[in-house]
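Chemist: Take 1 as the starting number for the sequence shown in full-length UniProt numbering and just add one per residue.
Treat the hints as calculated values from the structure; they're not laboratory data. Here the structure is a predicted model, which is why all the values come from computation and not from measurement. Warning: the hint list may mix true and false statements.
As the list claims (entries may be wrong) - Simulated restraints on C-beta separations: (1) N90 to D169: 48 to 56 Å; (2) M32 to R161: 38 to 46 Å; (3) P45 to P105: 29 to 37 Å.
From the three backbone atoms N, C-alpha and C, an ideal C-beta is built for every residue, glycine too.
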Amino acid sequence: MESKRIALLIDCDNVSHAAIGGVLDELAKYGMVNIRHAHGNWSSPNLAGWVEKVHPYAIRPMQQFAFTKGKNATDSAMIIDAMDLLYSKNVDAFALMTSDSDFTPLVLRLLESGLPVYGFGEKKTPKPFVDACSQFIYTENLMTDDQEKAAEGEPPKSTKRSRNELRSDTSLVRLLRTCLLY
Numbered sequence: 001m002e003s004k005r006i007a008l009l010i011d012c013d014n015v016s017h018a019a020i021g022g023v024l025d026e027l028a029k030y031g032m033v034n035i036r037h038a039h040g041n042w043s044s045p046n047l048a049g050w051v052e053k054v055h056p057y058a059i060r061p062m063q064q065f066a067f068t069k070g071k072n073a074t075d076s077a078m079i080i081d082a083m084d085l086l087y088s089k090n091v092d093a094f095a096l097m098t099s100d101s102d103f104t105p106l107v108l109r110l111l112e113s114g115l116p117v118y119g120f121g122e123k124k125t126p127k128p129f130v131d132a133c134s135q136f137i138y139t140e141n142l143m144t145d146d147q148e149k150a151a152e153g154e155p156p157k158s159t160k161r162s163r164n165e166l167r168s169d170t171s172l173v174r175l176l177r178t179c180l181l182y
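With the sequences and hints as input, model every part of the structure.
Modeler: Structure follows, in structure tokens:
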């Protein structure tokens, strides 16, 4: 049987970048994520974490400027993108990475077309969106403790070793001495 072609659409304004590796690993169980679009205003400092993820994970950034202050144009652009992909008939499933319940009608429409919708969002995601998805996974469940702390703005635990610990690491000392000799 041929692998499912999955379109991943990311609402960068409403979900942490820290879980993207786990989300892609999870989706690999269901098929190939051949479309990866990350929607947001890439000139915003709030997306700095996402900027670091687009190249390593082969994600296409989809620029959406805010046309009106206080309004989120990203949601509309993401819905249009999903509908374009739906009508292209080149997709077997959708994955939506968002914590925004405004996408619930989109999920229902995609399901009506007979396509599964895999949802990924933070634990704050409203229940209507969670329940609408064919399957929903909380992104916190896909992150390591350090990734989760980074997503919450906490610095990861320091792995810095003391001077005495470094001196007592004989393999490190031997390696450094060998390097200095050559």
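Chemist: Work down the list of hints and note, for each, if the structure agrees.
Modeler: Checked hints:
1. N90 to D169: 48 to 56 Å: Between N90 and D169, where Cβ atoms are some 53 Å apart, the hint holds.
2. M32 to R161: 38 to 46 Å: 41 Å, holds
3. P45 to P105: 29 to 37 Å: For P45 and P105 the Cβ distance comes to about 30 Å; the hint holds.
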